[in-house]
Amino acid sequence: MPAKVKESTEGRATPSLRIGAPGRRAVADRSSGSGAAQPRARFRDLCFDTREGSLWRDGTRIALTPTGARLLALLISRAGRLVEKQEILDHVWNGTAVSQAVIKVCVRELRRALDDSARAPVFIQTEHRRGYRFLAEVEIEEETPNIGDSADEALLDLARMVSGLGGDKEGILEKLIREAQRAQEANEYADCLDSLNAALNSAEFLLPHDRLLRYELLLRAGEAGGMAERISEARDALSEAIQIARELADRERFARAVLALGRCFQSGLTVAHTLVELLEESIGMFDDPQDPLRVLCEARLHLACLATDRAVPEARVLGAALSSSMRTAEQIGVLHCRLAGDWRAENQQERWAISLQMLSLADRTRSLDRRLGAYHAGLFCALEAGDGVEFRRRLDTYLQLSESSSNVFRSWKTESVRIMHATMLGDFDAAERQIQDAMKRARTLEWPDVLAVGFVQLMVLRNLQGRVAEIAPFLENYVRDHPDQLAYRAALAHTRAVIGDHRGLRSFLSTLASDALSKPSPKLVWLAVMTTLADACAIVGDRRIARSLYDALAPFERLCAVVLGASYGGSIQRPMGRLAAVLRRREAARRHFELAIAVNGRFGAKAQIDLCQRQRDQAT
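Position in the sequence shown (from 1) plus 453 gives the number in our numbering.
Check the hints yourself; a few may be wrong.
As the list claims (entries may be wrong) - Subject to a maximum C-alpha distance of 25 Å in a straight line, what follows is the list of computed SDA-like cross-link-like pairs (lysine to any residue):
| no. | residue 1 | residue 2 |
| --- | --- | --- |
| 1 | K538 | D511 |
| 2 | K1059 | L1012 |
| 3 | K1059 | Q918 |
| 4 | K893 | R683 |
| 5 | K538 | Q553 |
| 6 | K1059 | H935 |
To be verified - Quick list of simulated restraints, FRET-style, between CB atoms:
| no. | residue 1 | residue 2 | range |
| --- | --- | --- | --- |
| 7 | R817 | T579 | 23 to 33 Å |
| 8 | G994 | E1047 | 20 to 30 Å |
| 9 | R565 | D934 | 49 to 59 Å |
| 10 | S859 | R510 | 43 to 53 Å |
| 11 | Q634 | R561 | 29 to 39 Å |
| 12 | A806 | Q1066 | 29 to 39 Å |
| 13 | D934 | S967 | 17 to 27 Å |
| 14 | Q578 | S857 | 54 to 64 Å |
Calculated directly from the structure, the hints in this document are not laboratory data. Backbone N, C-alpha and C define an ideal beta-carbon position, used for all residues, glycine too.
Please model the entire structure based on the sequences and the hints provided.
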């Protein structure tokens, strides 16, 4: 006989109800041939199986998410009482960091399953700003026959087939997730993604209505896919995660999925316009300008804008936005975004300070990816500042760290640094082989910026080899297709000057110089453009343009040019020496060249030293 427990507002008996923790499905014990004892809660025409978390009406199962089942179990166990929102978060979400907005979403789904109404509630009553109360009278049945075993076993068999694992229903997802975790810890991201995909397939059959579980699996699958170079899979997973978070009106999860999608584009080098729109939507969800997730979204948005036609003159995230509640890895991410935004030349000292902050934080984080990002940025800041000692120290550390990473994008960036270093040292044969290998590989990737950087490195190499005529056809075609790319237009002007094609070159140079001096642009691009224009101007011998370029470069003569973050362009003193020679300032030209040789010598940049010596001899 069922034991009946009638609830009253005071002195009520509270039945003990067990619902699995988030991400798990509690399963009743089964014995072959007969049903095991399972407590059930009956209210009106409904029956709730407290162990299975299943809801029934007249023998028909009503779909419930595991989250909804846990919430229903909690409300039933407190029937007649007010259950406050914090208690709901503690019991239903088990300490997971979520906002109270998810409770409203879950209650709405639960009311839909119960066929209840918020305005005239029969089961769940809302106490405004406080919580919820279960109104119906509840009866607890201690022993009932099993319901729907055959259907559950069919789902279990299908899930086993999908996942390729045996075991009970409760353990399938846990096994797959643990397997993914082990693969991630071993930096085996492809295996991690495969396990997560199997978990997603299993969850689709075992827990088809648990949207939060699916979101978490999709988020991790997207992150693993990005690390494993399976970008299409990563984007698909993260796009679905974004949609789920939007449906749940969960701003934290929405922002994290958008940021994860942004990381698939790695530092915003290749950014879809849709990503910019998603980032703007994320920012709009947060009222507090100091919120760490809002700060990260703003930083990523600035980088995204830099990589699209919505480029901003100077993308920066102010230091005051750094929240003490941020994790170390997030702080590094924001600093990295600030560093990428502060590409205007006058901010070099601030860039150096940010770089030191990043390195200090990098030594305190367990994230290898963040450490590599910090050291990579510090490497180029040292290069830019002309600090050969720091550059060599950071280069050694960076290369040692990179050996432990299986991140494909990081591997490419490391290879890019090796190419740059080989070119600096004058080992042109090694640089040539590495560039050709990198470009061949880039054609198989979904990162077109990898291929673009390869062409930049090839252009720098051909210039140092005196073989720029070989890249003239490519530059002509590229500039025709991308007339707004100032750096490539400047490279084309220099190439024409070197090969002696001076038709209309003075006018072309004049327009380029006007654009470079009047239109704000990222610093690493700006210095590279100015250096290239100075070389073209020196060949043509245009004193008017030379004077404008010389005056513009003078405040930055202590810096070095880093060509699009991919190649070393040498000390700014060298192009200034060429411009001084055009202006017939021989002593100034000699001084600039000697200083350039000294700066390049700090890095062991033999190729740049040889170039400086040749140009010095020609000019003086």
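Between K1059 and H935, does the CA-CA distance stay at or below 25 Å? violated, 34 Å
Restraint status (C-alpha distance of K1059 to Q918 at most 25 Å): holds, 13 Å
Given the hinted pair K538 and D511, is their alpha-carbon gap at most 25 Å? Between K538 and D511 the Cα gap is close to 32 Å, so the pair fails against 25 Å, i.e. violated.
So does Q578 sit 54 to 64 Å from S857, Cβ to Cβ? holds, 56 Å
Look at the Cβ atoms of G994 and E1047 and judge whether their distance stays inside 20 to 30 Å. Cβ of G994 to Cβ of E1047: about 23 Å, so the range 20 to 30 Å holds.
Is 29 to 39 Å a correct range for the gap between the Cβ atoms of Q634 and R561? holds, 33 Å
Taking 23 to 33 Å as the hint, is the beta-carbon distance of R817 and T579 inside that range? For R817 and T579 the Cβ distance comes to about 45 Å; the hint is violated.
Has the given pair, K538 with Q553, been kept, meaning a C-alpha gap of at most 25 Å? holds, 7 Å
Does K893 pair with R683 here, judged by a C-alpha cut-off of 25 Å? Distance ~18 Å between K893 and R683 Cα, so the pair holds.
If I claimed the Cβ atoms of S859 and R510 lie 43 to 53 Å apart, would that claim hold in this structure? Distance hint for S859, R510 holds at roughly 51 Å.
Tell me if the straight-line CA distance from K1059 to L1012 falls inside 25 Å. The hint holds at about 18 Å.
Regarding A806 and Q1066, is the given constraint of 29 to 39 Å on their beta-carbon distance met? holds, 34 Å
The structure shown violates the earlier hints numbered 1, 6, 7.
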